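J.: Sequence:
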Amino acid sequence: MTHSQPAEPGPSEAAFASVARRLRWRWLALLGLLLVEYVLITFSFDAVPLLRSAGLVGAVGYSGIVTPLAAVVATATFVLAGRSARAEAAELIARHAAGMHPLPFVLVNVLSYYGFYTLTDTIVSRPFDAPALPTQWIVGWFVLLALTVLSLLPAALPWRALGPLLRQTGKALALGLGVGILAWVAGLASIALWMPLRVSTLACVYFLLSVLGADITYIPDDDIIGTQDFFVSIAPECSGLEGIGLITVFTLVYLWTARDRLLFPRAFGVLPLAIAAVWIGNTLRILALIGVGTFVSPGIALSGFHSKAGWLLFCVVALSMLTLVQRSPYFTGRVAAKEQPGATWNPTATHVAPLLALIGTSLITGLFSTGFDHAYALRVLTTGSVIYIYRKQLPAARWPASWHAPVIGVAVFAAWLLLVPHPASDDVAAFKDTLADMPQLERVSWLVFRVVGSTLTVPIAEELAFRAFLLRRLIASEFIEVPKTKLTPFAVVLSSLAFGSLHDHAWVAGTVAGVAYTFAQRARGRTADAIVAHAITNGLIALDVLGFGATWLWV
Numbered sequence: 001m002t003h004s005q006p007a008e009p010g011p012s013e014a015a016f017a018s019v020a021r022r023l024r025w026r027w028l029a030l031l032g033l034l035l036v037e038y039v040l041i042t043f044s045f046d047a048v049p050l051l052r053s054a055g056l057v058g059a060v061g062y063s064g065i066v067t068p069l070a071a072v073v074a075t076a077t078f079v080l081a082g083r084s085a086r087a088e089a090a091e092l093i094a095r096h097a098a099g100m101h102p103l104p105f106v107l108v109n110v111l112s113y114y115g116f117y118t119l120t121d122t123i124v125s126r127p128f129d130a131p132a133l134p135t136q137w138i139v140g141w142f143v144l145l146a147l148t149v150l151s152l153l154p155a156a157l158p159w160r161a162l163g164p165l166l167r168q169t170g171k172a173l174a175l176g177l178g179v180g181i182l183a184w185v186a187g188l189a190s191i192a193l194w195m196p197l198r199v200s201t202l203a204c205v206y207f208l209l210s211v212l213g214a215d216i217t218y219i220p221d222d223d224i225i226g227t228q229d230f231f232v233s234i235a236p237e238c239s240g241l242e243g244i245g246l247i248t249v250f251t252l253v254y255l256w257t258a259r260d261r262l263l264f265p266r267a268f269g270v271l272p273l274a275i276a277a278v279w280i281g282n283t284l285r286i287l288a289l290i291g292v293g294t295f296v297s298p299g300i301a302l303s304g305f306h307s308k309a310g311w312l313l314f315c316v317v318a319l320s321m322l323t324l325v326q327r328s329p330y331f332t333g334r335v336a337a338k339e340q341p342g343a344t345w346n347p348t349a350t351h352v353a354p355l356l357a358l359i360g361t362s363l364i365t366g367l368f369s370t371g372f373d374h375a376y377a378l379r380v381l382t383t384g385s386v387i388y389i390y391r392k393q394l395p396a397a398r399w400p401a402s403w404h405a406p407v408i409g410v411a412v413f414a415a416w417l418l419l420v421p422h423p424a425s426d427d428v429a430a431f432k433d434t435l436a437d438m439p440q441l442e443r444v445s446w447l448v449f450r451v452v453g454s455t456l457t458v459p460i461a462e463e464l465a466f467r468a469f470l471l472r473r474l475i476a477s478e479f480i481e482v483p484k485t486k487l488t489p490f491a492v493v494l495s496s497l498a499f500g501s502l503h504d505h506a507w508v509a510g511t512v513a514g515v516a517y518t519f520a521q522r523a524r525g526r527t528a529d530a531i532v533a534h535a536i537t538n539g540l541i542a543l544d545v546l547g548f549g550a551t552w553l554w555v
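Position 51 (the sequence shown) corresponds to 51 in our numbering; numbering is contiguous.
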């Protein structure tokens with residue numbers, strides 16, 4: 001009796017898995033881009049006051065209502081579709097993904113968004129008694145909005161898959177739309193909860209402010225809370241408690257759709273957890289609102305932050321609830337299988353995730369920055385955490401580094417001094433004044449994190465992404481198989497230009513540094529050598545700033 005051996009996966013299956021993996025990262029990047037654009041414009045402007053305007057300008061005001069509703073519908077559709085439906089949709093898209101070129105569509109998105117942001121600033125900042133805007137401007141606003149959003153669709157999905165995808169996900173879309181509208185209505189009704197919950201909410205905010213050592217302004221009878229420099233009066237419609245109604249409807253519908261995969265009545269326990277998470281998150285939202293208004297900008301706090309942060313909070317809570325339920329044996333009754341070492345290793349994620357964490361944190365903290373990033377420590381902590389998570393999957397560093405790595409690091413430092421343009425004297429003076437005005441402990445902590453970040457987390461994150469990943473990815477799609485000693489002029493130039501583009505006004509120096517670090521890696525085929533060279537360059541810059549007063553190098 002003979003036994004047939006299981007067939008090995010064919011090349012087509014391996015190719016499909018590679019395409020699916022790349023698509024997941026592309027979707028994550030596009031979603032991140034859309035989220036950054038949404039946060040930037042909604043935290044900068046509040047369109048709701050435009051509802052009082054006549055004509056098409058008043059229609060612009062509805063964007064402050066429709067956009068959050070769209071986020072709720074999208075979140076509901078994603079969660080309620082179920083894991084199998086999402087997997088089938090991803091497989092369908094991957095099967096049609098050949099020949100996709102997302103970069104032109106991303107470029108269209110960025111250019112459209114720039115025009116959309118500029119035009120929004122013009123519309124929102126107009127006095128109510130100003131002459132009416134030409135109709136073409138408002139029409140252009142809606143066209144740019146549509147172009148900004150829709151341009152990402154062909155970047156994420158192949159055209160040939162759109163029809164089959166809509167047919168396959170039609171029921172999930174309809175369910176998501178229905179749940180979104182129902183949750184919206186429940187959210188509006190739950191605003192009435194402000195009266196019974198106002199005392200406990202404001203008391204918690206007061207307690208947190210006192211722990212932070214703030215000079216508190218608190219008038220409970222008028223629902224006023226804040227600091228001496230910035231305080232707010234919390235109206236019921238601005239309380240953020242509509243999230244309780246949203247999450248209640250959302251959770252109940254999810255439990256019903258997933259009833260065959262969950263243990264009842266145990267699964268009902270997720271409902272009070274979700275409600276508590278919304279209430280706690282809303283308390284932190286009010287605290288963050290006061291913090292932004294006090295330390296960053298009252299304009300940012302009062303424009304879009306006070307309303308839009310609540311919708312982002314709801315989406316985060318909903319997706320976190322989904323993750324908790326699906327991965328918890330308590331709710332599903334399933335014991336998670338132990339993963340084999342390396343079985344789920346994603347080489348792209350290993351090399352790129354630290355840089356994405358660094359850039360993402362910089363973008364978020366930049367929203368609350370007026371030119372000096374007080375929260376620089378968050379960059380170090382988030383990037384360091386991601387590096388730690390992937391530590392076992394990173395290429396093993398063989399020490400010591402070669403003699404040429406320090407030499408290249410010193411050479412790049414000398415080139416940096418020659419090529420980096422000096423910033424405006426006012427910017428340098430403002431940087432120095434900000435540091436000088438800090439309490440001593442805060443100033444020392446900021447400087448320590450700045451040195452640690454520039455000499456440790458930044459070199460590791462950037463060299464993994466640009467030298468270990470992008471340089472080889474430009475040579476072959478299966479970059480992990482490309483020797484680090486193999487170079488092509490195209491890969492060296494393009495990866496170095498991409499590295500240089502991260503450095504804003506110092507892009508020329510950054511590009512030259514990228515080429516130098518490339519050859520640091522090539523000499524022995526070790527990314528650790530490039531990291532050492534990069535760290536020495538940044539360390540010498542830090543020494544020049546702290547020891548010799550070259551503050552302009554950090555501005």
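One or more of the hints may lead you astray.
When the alpha-carbon atoms are kept at most 25 Å apart in a straight line, the in silico DMTMM-like pairs for lysine to aspartate or glutamate are as follows [said to hold, decoys possible]: (1) Lys432 with Asp504; (2) Lys171 with Asp229; (3) Lys392 with Glu478; (4) Lys432 with Asp229; (5) Lys432 with Glu442; (6) Lys432 with Asp373; (7) Lys432 with Asp544.
Bear in mind the hints are in silico, worked out from the structure with no lab data behind them.
Given the structure is predicted, the values throughout are model-derived calculations rather than measurements.
J.: For this structure, which hints from the list above don't hold up?
T.: 2
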